[in-house]
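Sequences listed follow chains A and B, in order.
Heads up, my numbering is the position in the first sequence plus 188, with the first residue counted as 1.
Heads up, my numbering is the position in the second sequence plus 9, with the first residue counted as 1.
Don't take each hint at face value.
DSSO-like mimics (lysine-lysine), calculated; alpha carbons at most 30 Å apart, straight line [claimed, not checked]:
hint	chain 1	residue 1	chain 2	residue 2
1	B	Lys121	A	Lys500
2	B	Lys92	A	Lys204
3	A	Lys592	B	Lys14
4	B	Lys130	A	Lys206
5	B	Lys14	B	Lys170
6	A	Lys375	A	Lys353
7	B	Lys125	B	Lys141
8	A	Lys206	B	Lys121
9	B	Lys184	B	Lys231
10	A	Lys375	A	Lys305
11	A	Lys258	A	Lys432
12	A	Lys500	B	Lys92
13	B	Lys79	B	Lys170
14	B	Lys36	B	Lys79
15	A	Lys592	A	Lys204
16	A	Lys206	B	Lys125
17	B	Lys31	B	Lys92
18	A	Lys592	B	Lys217
19	B	Lys31	A	Lys592
20	B	Lys31	A	Lys500
21	B	Lys217	B	Lys231
22	A	Lys592	B	Lys21
23	B	Lys141	A	Lys206
Now the stretches of chain A that chain B is said to cover, found in silico as 3 or more residues with beta-carbon under 8 Å [unchecked claim]:
hint	region
24	194-200
25	361-372
Note that these hints are calculated values from the structure, not bench results.
Here a beta-carbon is modelled for each residue, glycine too, at the ideal position from N, C-alpha and C.
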Amino acid sequence: MFDIERWQEIFDTIRKNKLRTFLTGLSVASGIFILVILLGFGQGMQNGIEHEFKQDASTSVWVWPGITSKEYKGLNPGRRIQLVNENIDKASAMFNETIEYESGRVFVGGISVNYGKEALVYGVQGVSSDFQFIDNASMVEGRFINYQDEVSTGKVAIIGNKIKKDVFNEVESPIGEFIDFSGIPFKVIGVFSEMEDREEEVIYIPITTAQRVFNGGDRINTMSYTLPPVENFDEAVAQSITFKNNLREYLQQAHTIAPDDTGAIGVWSALEEAKRYYGLTNNIKLFFWFVGICTIIAGVVGVSNIMLIVVKERTREIGIRKALGAKPWSIIAMILHESIFVTAISGFTGLIFSMALLELVGPNVEIDYVKNPSVNFNVAFSTVLVLILAGTLAGFVPAWRAAKVQVIESLRDE
Amino acid sequence: MIEIKDLHKSYKMGSNSLHVLKGINFKVDDGELVAIMGSSGSGKSTLLNILGMLDGADSGEYTLDGVPIKNLSETKAAQYRNKFLGFVFQSFNLINYKSALENVALPLYYQKVPRKERQEKAMQYLDRVGLKPWANHLPSELSGGQKQRVAIARAMAAEPKVLLADEPTGALDSKTSYEVMDLIQKINDDGNTILVVTHEEDIAHMCKRIVHLKDGVIVEDKKIEQVRAEQYV
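Using the sequences and the hints, build the whole thing.
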């Protein structure tokens, strides 16, 4: 197949027909370029949506109480539901197998928080040691609340990274500093970080401390869980729905709420939400593929169109070549060889440019729901191969027609 | 060299059939310079196409250098054309993006002659038609006479058994025509067989034999005293 003489012929032809070659190449290169960029953005959207959902552990389930809206067993509607420690303990015992981490949460209100002379206006929440994993908080310094802190109602506080930056900018590390909670000093033992600044504007203290020191009794504001990992996504979704329903049922019984009064106990499962978005991104990706493939088809049609024009334009030349003794196959080979060569070179040029653009710009893209658009190199590479193959097939028809050119007709004087 | 027996050819024109060649018998020996004359529609171009294996005959025999030419596949026809025949056309038919030298070298490319040898040989033939200094010029930079000389050099480069010239002077003024005929005569002097299709009397008389075609049959076939083109140049 490697015929140096033919390569020389091809290069001669290309060198002397620059515009034609350039236009063919441009249509192929832009087809690949658009496809790769589209695929990149499809991936970017998926990355972006995954990123949004990473903020909390992906299997997390959150429970918050509301107000009853229906009369039930002689109780009036409009009752405010208050969760208590007992709810957590009972749920824990009942659904032990499907709970990975659990934590109640108490919003501490009506206290003044000071650091030195500075008043801090951040929310204070009592949580248990598991909460770190449920909220997906990562520790920047020190540690999170541990079991010992809970048992001993330790006067310790974990602050968000934003608070560290805003308040503790004059000390080397906030660890070991004391924050004053309505006159009671709490020692800072850790700094956590979250995906968003807003979520870092919180101070965590042990839930037991929050209840006992700040007159919380056994009341809690919300309950949160994560579920143990399972084999696949669908199973995980099914598990979280089951858990969600069981938990709600238990809480409705415990607080005498009508089974169909969904507003009284709110339960939110990250997975269910994620499933909807995953479905959406899959559809978007599918759509991008569809558009991309249409682009490729347009590219292939373009190539075969241009090849047809090329053949038309070269009819006379082909006639001359045939008169001089070119065999039909050598005409086909010549046309195809040129088209494959041009398609391949421009296809890879388009690939390189688009990949380079994605590499350079991709990591800097900071739009909601689009993050680091990128494309799998193998996918892009095979797309180029497909285009070359399709281009070859597309070029074959014109080439075959060229081989059938009637010498007499083609050389007839214009 | 060429032998034709009872050659028939008709073209389908819609529902009508146009009988162009109605039984041609014709023989050309080695080294002859034959003019084929006739008004347009006499079938002279058709005859040349069949001789040039660019078209097939309906019936009859055609033998070229002892090889029967019949039912050729396209590939075989291409091979024979390359080996046996050289073409010169009225409109030169040079490839416009190739230099004179590359044009002359093209038939050698299809003979699979290596590039270097090809170029040397092409240069020799260009030299023979007196265009060595124009070797790297494109056809667009050459005059009509020069183009036709390049075309003749190209036809000769493959060292064919027969040179077929279809109105080689049709697009040229008379002075240039005589120059081209002078070249053709000289090539013939070297022993090459040449067929020239023309409708110009003076050009025909520069050949050694005139075959008159009328309405698809040969009406006259005579040997003549050759007029040398040299004297007009």
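Status of the hints after comparison with the structure:
Proposed proximity of B:Lys121 and A:Lys500 is supported: the alpha carbons are some 26 Å apart, at most 30 Å. As the CA atoms of B:Lys92 and A:Lys204 are separated by approximately 29 Å, the hinted pair is consistent with the 30 Å bound. For a cut-off of 30 Å, the pair hint linking A:Lys592 to B:Lys14 stands: about 29 Å separates their Cα positions. Between B:Lys130 and A:Lys206, the direct Cα distance comes to roughly 29 Å. Compliance with the 30 Å bound is thereby established for this hinted pair.
Taking the CA atoms of B:Lys14 and B:Lys170, the gap is about 20 Å. The hint holds against a cut of 30 Å. Taking the CA atoms of A:Lys375 and A:Lys353, the gap is about 17 Å. The hint holds against a cut of 30 Å. As the CA atoms of B:Lys125 and B:Lys141 are separated by approximately 17 Å, the hinted pair is consistent with the 30 Å bound. For the proposed pair A:Lys206 and B:Lys121, the alpha carbon gap of about 27 Å is at most 30 Å, so the pair holds.
Between B:Lys184 and B:Lys231 the CA atoms are separated by roughly 26 Å; this keeps the pair inside 30 Å, and the hint holds. Of the supplied pair hints, the one linking A:Lys375 and A:Lys305 holds, its CA atoms being roughly 16 Å apart against a limit of 30 Å. Taking the CA atoms of A:Lys258 and A:Lys432, the gap is near 21 Å; set against the 30 Å cutoff, the hint holds. Taking the CA atoms of A:Lys500 and B:Lys92, the gap is about 28 Å. The hint holds against a cut of 30 Å.
Using a Cα cut-off of 30 Å, the hinted pair B:Lys79 and B:Lys170 holds, with the two alpha carbons roughly 18 Å apart. About 17 Å separates the Cα atoms of B:Lys36 and B:Lys79, which keeps this hinted pair within 30 Å; it holds. Restraint check for A:Lys592 and A:Lys204: satisfied, since their Cα atoms lie roughly 24 Å apart, inside the 30 Å limit. Distance restraint check for A:Lys206 and B:Lys125: the Cα-Cα separation of roughly 26 Å lies within the 30 Å cut-off, and the hinted pair is therefore satisfied.
The suggested pairing of B:Lys31 with B:Lys92 holds, with an alpha-carbon distance near 29 Å, which does not exceed 30 Å. As the CA atoms of A:Lys592 and B:Lys217 are separated by approximately 37 Å, the hinted pair breaks the 30 Å bound. In summary, the hint linking B:Lys31 to A:Lys592 is supported, as the alpha carbons are separated by about 28 Å, within the 30 Å threshold. Restraint check: the Cα-Cα separation between B:Lys31 and A:Lys500 comes to about 35 Å, which exceeds 30 Å; the hinted pair is violated.
A hinted pair counts as satisfied when its Cα atoms are at most 30 Å apart, and B:Lys217 with B:Lys231 qualifies at roughly 9 Å. Under the criterion of a C-alpha separation no larger than 30 Å, the hint pairing A:Lys592 with B:Lys21 is consistent with the structure, at around 19 Å. Under the criterion of a C-alpha separation no larger than 30 Å, the hint pairing B:Lys141 with A:Lys206 is consistent with the structure, at around 28 Å. Given as covered by chain B, the region 194-200 of chain A passes the check, having 3 residues with a CB less than 8 Å from a CB of that chain where 3 are the minimum.
Against chain B, the region 361-372 of chain A contributes 0 residues with a C-beta closer than 8 Å to a partner C-beta. That does not satisfy the three-residue criterion, and the hint is violated.
Checked against the numbered hints above, the structure violates hints 18, 20 and 25; every other hint is satisfied.
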